[in-house]
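Number of protein chains: 2
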Amino acid sequence: MRILLDVMGGDLPPHELIKGGISAGRRHGIDITFSGDPSAITAALAQHREKVGGKYDILPSRTVIRMDDAPVKSVREKPDSSLIVGLEAVRDGQADAFVSPGNTGAIVAGSIFRLGRCPDIPRPGILVTLPTLGGRDLYVIDVGANSDTSPEQLFHFALMGLTYARDVAGIDAPIAGLLNIGTEKGKGNKLISDAFEMLEASPLPFAGNVEAHQLLTDRPVDVVVSDGFVGNVFLKAVEGGISAVTGLLKNTIRGRVLAMLGALLMSGSFARVKGTLSYRRRGGAPLLGVNGVVVIAHGRSDAEAIESAIEVACRQVRADLPAQFAQGASVWGPHGS
Amino acid sequence: MRILLDVMGGDLPPHELIKGGISAGRRHGIDITFSGDPSAITAALAQHREKVGGKYDILPSRTVIRMDDAPVKSVREKPDSSLIVGLEAVRDGQADAFVSPGNTGAIVAGSIFRLGRCPDIPRPGILVTLPTLGGRDLYVIDVGANSDTSPEQLFHFALMGLTYARDVAGIDAPIAGLLNIGTEKGKGNKLISDAFEMLEASPLPFAGNVEAHQLLTDRPVDVVVSDGFVGNVFLKAVEGGISAVTGLLKNTIRGRVLAMLGALLMSGSFARVKGTLSYRRRGGAPLLGVNGVVVIAHGRSDAEAIESAIEVACRQVRADLPAQFAQGASVWGPHGS
Numbered sequence: 001m002r003i004l005l006d007v008m009g010g011d012l013p014p015h016e017l018i019k020g021g022i023s024a025g026r027r028h029g030i031d032i033t034f035s036g037d038p039s040a041i042t043a044a045l046a047q048h049r050e051k052v053g054g055k056y057d058i059l060p061s062r063t064v065i066r067m068d069d070a071p072v073k074s075v076r077e078k079p080d081s082s083l084i085v086g087l088e089a090v091r092d093g094q095a096d097a098f099v100s101p102g103n104t105g106a107i108v109a110g111s112i113f114r115l116g117r118c119p120d121i122p123r124p125g126i127l128v129t130l131p132t133l134g135g136r137d138l139y140v141i142d143v144g145a146n147s148d149t150s151p152e153q154l155f156h157f158a159l160m161g162l163t164y165a166r167d168v169a170g171i172d173a174p175i176a177g178l179l180n181i182g183t184e185k186g187k188g189n190k191l192i193s194d195a196f197e198m199l200e201a202s203p204l205p206f207a208g209n210v211e212a213h214q215l216l217t218d219r220p221v222d223v224v225v226s227d228g229f230v231g232n233v234f235l236k237a238v239e240g241g242i243s244a245v246t247g248l249l250k251n252t253i254r255g256r257v258l259a260m261l262g263a264l265l266m267s268g269s270f271a272r273v274k275g276t277l278s279y280r281r282r283g284g285a286p287l288l289g290v291n292g293v294v295v296i297a298h299g300r301s302d303a304e305a306i307e308s309a310i311e312v313a314c315r316q317v318r319a320d321l322p323a324q325f326a327q328g329a330s331v332w333g334p335h336g337s
Numbered sequence: 001m002r003i004l005l006d007v008m009g010g011d012l013p014p015h016e017l018i019k020g021g022i023s024a025g026r027r028h029g030i031d032i033t034f035s036g037d038p039s040a041i042t043a044a045l046a047q048h049r050e051k052v053g054g055k056y057d058i059l060p061s062r063t064v065i066r067m068d069d070a071p072v073k074s075v076r077e078k079p080d081s082s083l084i085v086g087l088e089a090v091r092d093g094q095a096d097a098f099v100s101p102g103n104t105g106a107i108v109a110g111s112i113f114r115l116g117r118c119p120d121i122p123r124p125g126i127l128v129t130l131p132t133l134g135g136r137d138l139y140v141i142d143v144g145a146n147s148d149t150s151p152e153q154l155f156h157f158a159l160m161g162l163t164y165a166r167d168v169a170g171i172d173a174p175i176a177g178l179l180n181i182g183t184e185k186g187k188g189n190k191l192i193s194d195a196f197e198m199l200e201a202s203p204l205p206f207a208g209n210v211e212a213h214q215l216l217t218d219r220p221v222d223v224v225v226s227d228g229f230v231g232n233v234f235l236k237a238v239e240g241g242i243s244a245v246t247g248l249l250k251n252t253i254r255g256r257v258l259a260m261l262g263a264l265l266m267s268g269s270f271a272r273v274k275g276t277l278s279y280r281r282r283g284g285a286p287l288l289g290v291n292g293v294v295v296i297a298h299g300r301s302d303a304e305a306i307e308s309a310i311e312v313a314c315r316q317v318r319a320d321l322p323a324q325f326a327q328g329a330s331v332w333g334p335h336g337s
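From first to last, the protein sequence lines stand for chains S and Z.
Anchor point for the first sequence: position 129 equals 129 in this note's numbering, and the numbering is continuous, going up by one each time.
Anchor point for the second sequence: position 18 equals 18 in this note's numbering, and the numbering is continuous, going up by one each time.
Just chain S, same shape as in the assembly:
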């Protein structure tokens, strides 16, 4: 298996991302092709005593799509970027999956343009893995590939999320819920009501509506389906709530000796909670619904986060994920699942 890693578009320099790629290559026995500036990649490989060619290869590129570049425009105007040449390598069968910590919108647009959509999937969606209180992960799709969504697209997010939960995460009989502002049927906006009807009438395992405050504590379902705008706000609001409570706690102990001593004694606990919540451990976010395995790593990804994102890509390649989506919803029926 060969993974294509875009080393140019992230917030951290190429050598940090290459370090993660080399580490993944050694640990998982896979090959990595790095797309980007050849001299930077050559230097980093030399530093880690790895030779160019074979297990670790270079796909040279001339330009970079930056974080603040306009997605569609940059994809059109920078065909020689590390992002686009990397996607083309996957399209042409030179690599099995694409991993990048770059501009999310450009990865989505580039993937649609270069890899195309899976048959019958109207729009791709981004899936994230979140930790929950009970220890089992939660999967949320879509968290931002789309801003304006149709009920049919939500239905396909459910199909893809459930397939991912079953085939990649190894959940035995996964069940999906719709992110809504109340649990009763009929709650919420027209989009969600219409999607509810579609899901209820389908063979997909569907538990109805779920609410944002219960997801990380009660984990009422395995897969949460949302339109990309709301899913993105959800994700950032959770992050904001966590930052607020930790920030308030820091403000409160400042200058209070006993509380500071208490915080010192709890430092191991704080570190464990931080580790549980860290995106570094749960890799990147797969873009599901394009014709190929694409994983969007966090923009601030370091070597550890990149290694984890590559692992996520490997699991999807092994599960032959895009091909599974083509089977549609029928396999989820009472006799099919």
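Derived from the structure by calculation, the hints contain no laboratory data.
Check each hint, because a few of them may be wrong.
Intra- or inter-copy, both count: the list cannot distinguish identical chains.
[What the hints assert, rightly or not] Calculated cross-link-like contacts (lysine to aspartate or glutamate; reagent style EDC-like; alpha-carbon spacing at most 20 Å):
1) K51 <-> E77
2) K250 <-> D218
3) K73 <-> E184
4) K250 <-> D137
Starting from the structure of chain S, add chain Z where the hints point.
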């Protein structure tokens, strides 16, 4: 000033809510009318050595709109409920404001039907007050009065939120932002893009887009404008993030003696953070845009939370809030504000 308090529709029993009303009456020198079961109210007043009539009055009602009742249906079918007779007392000038910890949807529907909308305001919106890291509160509108929203409605939420921030919260030159999934202009869905154009072209002080993760820590604006569905998800996701991190922390210290000792030393800090984040201290959520002052208290409100909700109502009555909205956006112009 006389406040109408609905004591029947909350999660807690009437005597707890009446206690909050009596406390507010004593502290703020205002009169309270309690709508609900007369015998329960009479008994509670006697318990607090207050007589019926005058300062503390009773508006008897026969039925109750429950939390799980369908909003519009219950408003139509229960005209003799504590909620509806209470709103009618405000409509008829027998009280200056309405406070209830009851069914949010029913309060919204009942307020629209009985009080009517403010002139030129297409839809009312619910505003919440949130604590932020720097200590200054943040105002978010709408958090759930509406599920399907138009750009024009978002514009009016901005107008009402800014007016509230200026006239009720006492912020000198408040500024509004649109809740979006990116800060650049053009980001997000069509609704938000269209509202952005309207706000940019208006005299309202508008800072552009804001993102969910930065609101409670950076507080980039005073007033956050959102459609009710997204605002509600935002609010519950923040709550979920806070619950997750505190729950994880509890799980982590269990059985670790030093960490438990640390938590003990930090208990004052935890209590202060909990107090800062508690809805009890920041009263209810005003429903802005109906012809009268309406405050929706939390369903789980105890006496302290009710007292705080009544205080929020008093401030709006003093600011003559509904009348301020009628002045429209023009007063916010360079020479008007």
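Hint check results:
no., hint, result
1, K51 <-> E77, "neither (33 Å within a copy, 79 Å between copies)"
2, K250 <-> D218, "between (27 Å within a copy, 15 Å between copies)"
3, K73 <-> E184, "between (42 Å within a copy, 15 Å between copies)"
4, K250 <-> D137, "between (28 Å within a copy, 18 Å between copies)"
When the structure is compared with the earlier hints, a violation turns up for hint 1 alone.
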